[in-house]
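Just need the whole structure built from these sequences, with the hints factored in.
There are 2 protein chains.
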Amino acid sequence: MNVTNQISFEQTRITDGFWAKKQKLNEEVTAKAVYDRFSDTHRFDALSCKPLSEHPGWEPHIFWDSDIAKWLEGVAYILTMHENEELRTLAEKAISDILNAQTQEGYFNSYYQVKEQENRFRIRNNHELYCAGHLMEAAVAHYKATGERYFLDAMCRYADYIYQIFVTEQSAEFVTCGHPEIELALVRLYDATGTEKYLELANFFVDQRGNNKKDAAIYDDEPRYAQDHLPLREQTTAEGHSVRAMYIYSAMADLAKKNADEALFMACKKIFENATQKRMYITGALGSTHIGEAFTFDYDLPNRTAYAETCASIAMTFFAQRMLALEPDAKYSDVIERDLYNGILSGWSLDGKSFFYENPLEIDPYLANRITATKTKEHLPIMERVEVFDCSCCPPNLVRFIASVGNFLYSEQEETLFVHQYMSAETKTEKGTIVQETNYPNDGVITITVPDGYRRAAVRIPGWCREFSLNLPYEMKNGYAYINISGETQIQLTLELEVRLYASNLQVQENAGKVAVGYGPIIYCIEEKDNGPLLKSIYLEKKPEFKREYCEVCGVQILKTRAKRLIPQDGLYYDAEDAMEEIPLTLIPYFAFANRGASEMIVWIHKLM
Amino acid sequence: MNVTNQISFEQTRITDGFWAKKQKLNEEVTAKAVYDRFSDTHRFDALSCKPLSEHPGWEPHIFWDSDIAKWLEGVAYILTMHENEELRTLAEKAISDILNAQTQEGYFNSYYQVKEQENRFRIRNNHELYCAGHLMEAAVAHYKATGERYFLDAMCRYADYIYQIFVTEQSAEFVTCGHPEIELALVRLYDATGTEKYLELANFFVDQRGNNKKDAAIYDDEPRYAQDHLPLREQTTAEGHSVRAMYIYSAMADLAKKNADEALFMACKKIFENATQKRMYITGALGSTHIGEAFTFDYDLPNRTAYAETCASIAMTFFAQRMLALEPDAKYSDVIERDLYNGILSGWSLDGKSFFYENPLEIDPYLANRITATKTKEHLPIMERVEVFDCSCCPPNLVRFIASVGNFLYSEQEETLFVHQYMSAETKTEKGTIVQETNYPNDGVITITVPDGYRRAAVRIPGWCREFSLNLPYEMKNGYAYINISGETQIQLTLELEVRLYASNLQVQENAGKVAVGYGPIIYCIEEKDNGPLLKSIYLEKKPEFKREYCEVCGVQILKTRAKRLIPQDGLYYDAEDAMEEIPLTLIPYFAFANRGASEMIVWIHKLM
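If you read the protein sequences in the order shown, they are chains A and B.
For what it's worth, the numbering used here labels the leading residue of the first sequence as 1, then goes sequentially.
For what it's worth, the numbering used here labels the leading residue of the second sequence as 1001, then goes sequentially.
In case anyone wonders, no lab produced these hints; they're calculated from the structure.
Since the model is a prediction, treat every value here as computed from it, not as a measurement.
Mixed in with the good hints there might be a few duds.
Using 27 Å as the maximum straight-line C-alpha spacing, the simulated DSS-like pairs for lysine-lysine come out as follows [to be verified]:
| # | chain 1 | residue 1 | chain 2 | residue 2 |
| --- | --- | --- | --- | --- |
| 1 | B | K1375 | A | K269 |
| 2 | B | K1024 | B | K1093 |
| 3 | B | K1542 | A | K543 |
Okay, here's the thing in structure tokens:
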């Protein structure tokens, strides 16, 4: 281990460019839109825990508290940056409802208190500690944003009560929650309060998972689903429900750091390697099947039926960032960037109002519609983003993620400053203000002013970048250019952006002979809206040349090229002819797909050899 | 309509070549192997209808009678050609058990008589009339093979009883059987006996299907499953369970002929067109999904998850042959040939002992094994043939099909002889003996001696054939070369066999840019056993050249060529390079796949453009 410390987004203001616009959209549109839909669907009403008789027509759901908690966390992050009276008022009302409904013992769960009083801590898969964990994260965020302790203290009382039930009394019917999340939340609660018990409880849950007989498999007799198949320290592959997986791996990495636990660190390294080198889509998406919303096995990455949940990509950045805090290696920050610009952003419509839960790499409305018509029930991702889901975890996860995206920029290790991501920002540190100026990802010119006090800067050279220049001498190590500096220093980094064509490992047989197109960190796709239907009949040229064109609505450049298309013929089978016609081809960023209605879309495109 | 009359296989002896060997294998190995496995699994024991208490450990199943009936029908066909003491004895024992167990009323069903006496004719999907139909077909075959009437008479009594229940009393709980089959059986019973009532009953069932409210949907609320969604005369597409579909379409074509029913004929034409031009695999296989073993929708022809049941291809030849009897058009006989050499034969191992129920166009043992290991339950076809299935309809269907393959050779219309298929054979007609000599499908030289009495011969020029020669003047019409003859005439037909590369309609997006290789009527595939794994990384050359090599065990020629293969690289995603290595490539007939253990296999192969 070679630990570094993240510089929190709270110290950073994103000043301009792509991410500043995204944060503005998040605050001005998305946070309120998610509030409105959660309000319409009674998620906020549920917080008062009123008896069912007082609200015929709707009932609370087991994961609603987590939806609210993530929204509260996101609003706290927005308020950290600057005041927003409307969001603050809405959030305080919700917090006040939670505090009023919290029981004497410290318990709060709007589902159990109303629907199943008698079943508290009895049903492993009912997201009870998962909801508690998200509430703790929200409380920590609220405390940091406002300096007020009432929400934090209330959630500490809840954590104390959980400690009592799970450790002191051991009176719950399960040992670890079916949906990990509380583990990493407890570490954050410990960091905010210094109360050792919370760290102890996090360690307890991590030690126990896959390590005790009381926890029954909760999905289809498949212990992998909840990462229960082995003690966590013995695991080497990314398994089961992909969001649950990434949350528990995040907690493992947290605890590896807190406890200098080499065994946990090694398990995390192996799992990260497996997840990213064998089981990750090129968009950074995770989860190859809707069955269990899960990882499957190495190189099984179907495009059309990809589950690829937005939350899994978000959670992957949490895991990768924690790994980065254990060893500065660009393999972690590269994955964060891959998810930032692709698998996460794709979950969010360009107008900020609607969301994808699943982010497939291929959409075929023809197949999808016809399958419905004949009732052959293949599960396929929806084709247009919607404003709220029954299980609406992704929208508020995006709210908190976008608001805290500054977390990914920097970390430090004594006098070394690590620069992981590129966006215009001002960051206040004890050593002075770091200023980054760039038009990235639209060009690769980056100026970083490092204040006096740092003696070394390590700037990431992204994996996609083949050529770069720096204004100062440097030494490469694990994907970072290390530069010795003294006094306030201006680092000029120029990353050469170019269109790159990527192939898949041939074990991903579906993609053999196809390429994905990238420009900088952005992966592109082609859509029927631009290029007509039957996209698999299109071939990129042997050596395609691309023109770039700035797309206002996307905020980045789209790509144009000349391509070939197989000429349609009548009949079902006929003589294979090589006859093709030349066509113009427009590629848009993958993250912008399905913003113009349902449309055929592919990421992996045939290419002439 | 332009009706012709089939010349029955009973008049034909296949004398030599590919099909003579297949018939020998069928008689000497397969008929007995199927008997043995049915015997092991108590299917023959069940015929005595003994109470469950007398045979603890096994129970009869609703479709067992149909398995036995198809085997009996196959044995009768074998006996028609020449004596086989062992098979005759086994068959007579089974018939005697059936006759002994048949009830006073004429009813026989080994499942209902033992398990659900009270539920006779109450459960639409329990294959009751389907079993009855197959028994009637067996009885007709037995009568024709032996001249003995006892089995036929017994099944006539059964048909009379069914008439009483379904027409006279209308006391059954359904109007038409969930699994069509009895309809075409009743036409055969009518042909064998001249009893009008059986034709009337067939007409009744065909008229009622999709036309009455008493018949509830039997699969997933989907009336298409049992072709119930519309009155049959109004149907235009191939729908639902593919075997059920083909059996009812066969009956429709039978009745179109018997009744000169133009509406039925037109429905059959539209359905045939849809089935073969929109919903048929290049192997002649039918059924795109295991869900309901069914057709789905136009151009939905997934290779790896194809259901493609052997019985559906067999039943398609029944339908096509009946269509051929309504209008002589090579589109029907071409489909018969496509199924003969591909989708049907693939269901039968080369050693004659084991069978495929599903005949996918792609096998990937890697995906199949791993999916099982992680319990994500995608349904995939099995990878090696087995000797018996729980639902073992295909093996005895092959026994009867192979034994009667001579049915497909000829038909006549007054003084015109139609020659549909090519195999060495002697056929006795009232006008004399037709002699066909050929080494087809291993070469295209065919000599047909037509006896005096015919004034015209119409020989099919297969759809796959681009060049041919005839020793006599001819006129082409609907795929047949019409030749005027007088006196005994020797027709010399030479079909130019060549390797052809076929493409799919681009709507079958999975196959875009890929080709299937054919030589004569045979479609080829490539297997891991010959070519190593990752077959989708292999590209045929732009203009591939093939060498042929006779394969003794296949009975036909295999193809060899030089091809290119993408070079494997480490990592999950990397720069797309066009680097390929040249490799030798061996193609084997599709029908011979999976005869050397589980192996990756594909029919649709990438091709350089």
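Hint by hint, here is what the structure shows:
1. B/K1375 with A/K269: With Cα atoms ~26 Å apart, B/K1375 and A/K269 stay inside 27 Å; holds.
2. B/K1024 with B/K1093: Within the cut-off at roughly 23 Å; holds.
3. B/K1542 with A/K543: Holds, at roughly 18 Å.
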